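Can you build the whole structure from these sequences, using the hints too?
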Amino acid sequence: MSGEPVLDVLLLTLRVAFSATLLTAVPAIALGYALARWRFPGKRLVASLVTLPLVLPPTAVGFLLLRLLAVDGPLGRHTLGFDLDLLLTWKAAVVAAMAMSLPLVTRTARVAFEGVDPRLEAMARTLGYGPWQTLFRFTLPLAARGLSAALILGFTRAIGEFGATVTLAGNIPGQTRTLASAIFSAQQVGDLATADRLMVVALLLGLVAIWVTEWLTSAKAPRGTT
Amino acid sequence: MTAAPSYRLEIDVELPLEHFELAVQVCLDQPSTAIFGPSGSGKTSLLECLAGLRRGVRGALRFNEQVWLSTAQGRRLSAEARGVGWVPQEGLLFPHLDVRRNLLSGAAGRRAGGRRRQGPAMAFDDIVELLELAPLLERRVATLSGGERQRVALGRALGSAPRLLLLDEPLSSLDLPLRRRLLPLLRRLRSELTVPMILISHDPVEVQALCDDLVVLRRGRVVAQGEPRQVLVEPQHFASTRELSAMAEGGSYENVLAGTVIDDQGHIAAVELADGIVLRTEPPPRPASAVGGATQPRQVLLGLRASDILIATERPHGISARNVLPARIVALRAAEGVVTVQLAAGLPPLVVQVAAETSAELGIDVGSRVYLLIKATACRLYGS
Chain A
98 MSGEPVLDVL
108 LLTLRVAFSA
118 TLLTAVPAIA
128 LGYALARWRF
138 PGKRLVASLV
148 TLPLVLPPTA
158 VGFLLLRLLA
168 VDGPLGRHTL
178 GFDLDLLLTW
188 KAAVVAAMAM
198 SLPLVTRTAR
208 VAFEGVDPRL
218 EAMARTLGYG
228 PWQTLFRFTL
238 PLAARGLSAA
248 LILGFTRAIG
258 EFGATVTLAG
268 NIPGQTRTLA
278 SAIFSAQQVG
288 DLATADRLMV
298 VALLLGLVAI
308 WVTEWLTSAK
318 APRGTT
Chain B
337 MTAAPSYRLE
347 IDVELPLEHF
357 ELAVQVCLDQ
367 PSTAIFGPSG
377 SGKTSLLECL
387 AGLRRGVRGA
397 LRFNEQVWLS
407 TAQGRRLSAE
417 ARGVGWVPQE
427 GLLFPHLDVR
437 RNLLSGAAGR
447 RAGGRRRQGP
457 AMAFDDIVEL
467 LELAPLLERR
477 VATLSGGERQ
487 RVALGRALGS
497 APRLLLLDEP
507 LSSLDLPLRR
517 RLLPLLRRLR
527 SELTVPMILI
537 SHDPVEVQAL
547 CDDLVVLRRG
557 RVVAQGEPRQ
567 VLVEPQHFAS
577 TRELSAMAEG
587 GSYENVLAGT
597 VIDDQGHIAA
607 VELADGIVLR
617 TEPPPRPASA
627 VGGATQPRQV
637 LLGLRASDIL
647 IATERPHGIS
657 ARNVLPARIV
667 ALRAAEGVVT
677 VQLAAGLPPL
687 VVQVAAETSA
697 ELGIDVGSRV
707 YLLIKATACR
717 LYGS
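So the protein sequences, as listed, match chains A and B.
The first sequence begins at 98 in my numbering and counts up one residue at a time.
The second sequence begins at 337 in my numbering and counts up one residue at a time.
One thing to keep in mind: the hints can contain errors.
[Claimed, not checked] Taking lysine to any residue pairs in the SDA-like style, the calculated list, with each CA pair at most 25 Å apart, reads: (1) B/K711 <-> B/R664; (2) A/K140 <-> B/R390; (3) B/K711 <-> B/A692; (4) A/K140 <-> B/G392; (5) A/K140 <-> B/R391.
[To be verified] Label pairs and their in silico Cβ distance ranges: (6) B/R705 <-> A/D214: 52 to 60 Å; (7) B/G392 <-> A/D214: 14 to 22 Å; (8) B/L440 <-> A/L232: 16 to 24 Å; (9) B/S342 <-> A/V309: 56 to 64 Å; (10) B/L440 <-> A/W308: 30 to 38 Å; (11) A/W308 <-> B/T479: 40 to 48 Å; (12) B/V403 <-> A/D169: 53 to 61 Å.
Because the hints were derived from the structure by calculation, they are not lab data.
No experiment lies behind these values; they were computed from the predicted model shown.
Cβ coordinates follow ideal geometry from the N, Cα and C atoms, glycine included.
This is the structure we're talking about:
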């Protein structure tokens, strides 16, 4: 089974990671905003639940998702009346990546929002902007750098996801075999040449992500204040 | 003096603060009102209640016919619908926008607020000219000095077409010389703006120079309200005149008088305060255009510290002080060494600080005719 094209693995990995990042962005940023700005009962519990996947073994998260999505699980065919048709497909890999990157994006977004002086938002209100206009014209632009960093972190977490993905989506060549599982498989069967190439690709992806993040959080970036 | 439209702001609010409760009942209707009081007396909290930025405020607020707050009726108008121009101490410029876009954000806020903002709209170019902002427009906010920041914040607020300006110690972040240089700018604003303003200050000079009405706040309560000079010199509103002096820069109460420069050609200038009452002062800094030319009469503010004025019971001879002015004593607080004198009807009273025993030794009392001795160098000129 050696010689699986590196390009196919890379494209699948990027597809999974981009999808997971896009789907996570809005809920994670909204959750980060709520945790930073609102006081509500059960806030600590919500914050803990959001953080949980960070401290659990990824395989445990994957297995939990598996139980939820299984035929007789709360999100399975018996309960919903139809089949989400996720398991062992690339979509399952997306779900696993989302579960693992949501905590990271939420926590980083929360810090980004906490770095925005609420008095600047109050100022916007006195100038005539309503709550939504204040959010889109001031809060989000002011938190933009931190939010971008949050999304990049989530993206890299999605690229590197292994444990939850293997548990939920399997390791099917061409379907759910992402970079992380491809390196593992190649090494297992002794195809060191493929493992080497995949490793170099992973290194390059990681370096790019780090540079972009550092650029965003450095003073050289044009705008933002977090 | 100002073109500000008449308005009426009825305040009856309560708000628990950390160490005491803010409980203010007052009605404001003057073009320019000062909220005055020592630090920690609740001035900023009061302003934020007016701007609609505080939660948990109880009571009632009404601006003309518009109810801003009524706990009884369960109504509270949002900050964006009140149409006030809030200029907080630190300016709070938007750090992700440059100066030009900060200024424009005020006008955009006015459009965002729609019909709810009904104050007079000032054009961008007029704001830039009035506040002398042209050289700053392309600057980043982080590179501005304290005074520049305040001017931009004020310009942004004006752009939002406020019906009422709320200025929280507009000059406090600046050092004293700069503050005094900016006083004329605020005076000009006051006379050119068509928006009433409420400003927080604990500088008696600013209050006298800028305001028609003075509200003294102490531990969250209004303890006095009235014409600034009258209120400022009534020490029962303060723990002691020492407290008032301590609030004043330089440790002495400073009288502020408006006058007209009638001669600035020599080493000593002449400033006319009222009919025939002329003070000799150091020459004021001349406008560049007038250098070498004839004296143009122009308005100045003149600061005179209470401790820099001497009192004599007879007209002295052979004395170096350039000003010897007859005056009448209108109030006397011997124990504190505070003498209030009047130079002429129509002029505001002046406060003179003397040693506690002096009034007894001189045999002066309310109604006594005295002479004030003032050195030309003791007169501080603050520009027009």
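How the hints compare with the structure:
For the proposed pair B/K711 and B/R664, the alpha carbon gap of about 19 Å is at most 25 Å, so the pair holds. For the hint linking A/K140 to B/R390, the alpha-carbon distance of about 23 Å falls within 25 Å, and the restraint holds. Between the alpha carbons of B/K711 and B/A692 the distance comes to roughly 22 Å, so the proposed pair stays at or under 25 Å and holds. For the given pair, A/K140 sits about 22 Å from B/G392 by alpha-carbon distance, which is consistent with the 25 Å threshold.
Taken as a hint, the A/K140 and B/R391 pair is honoured in the structure, with Cα atoms around 20 Å apart against an allowance of 25 Å. About 59 Å separates the C-beta atoms of B/R705 and A/D214, a value consistent with the hinted range of 52 to 60 Å. Against the hinted window of 14 to 22 Å, the Cβ-Cβ separation of B/G392 and A/D214 comes to about 21 Å, which satisfies the hint. At roughly 19 Å, the beta carbons of B/L440 and A/L232 sit within the given window of 16 to 24 Å.
Between B/S342 and A/V309 the C-beta distance comes to about 58 Å, which sits within the given range of 56 to 64 Å. Look at B/L440 against A/W308: about 34 Å separates their beta carbons, and that is inside 30 to 38 Å. A C-beta distance of roughly 28 Å is found between A/W308 and B/T479, which places it outside the suggested range of 40 to 48 Å. The given range of 53 to 61 Å is respected by B/V403 and A/D169, whose C-beta atoms sit roughly 59 Å from each other.
Of the hints listed earlier, the one the structure fails to meet is number 11.
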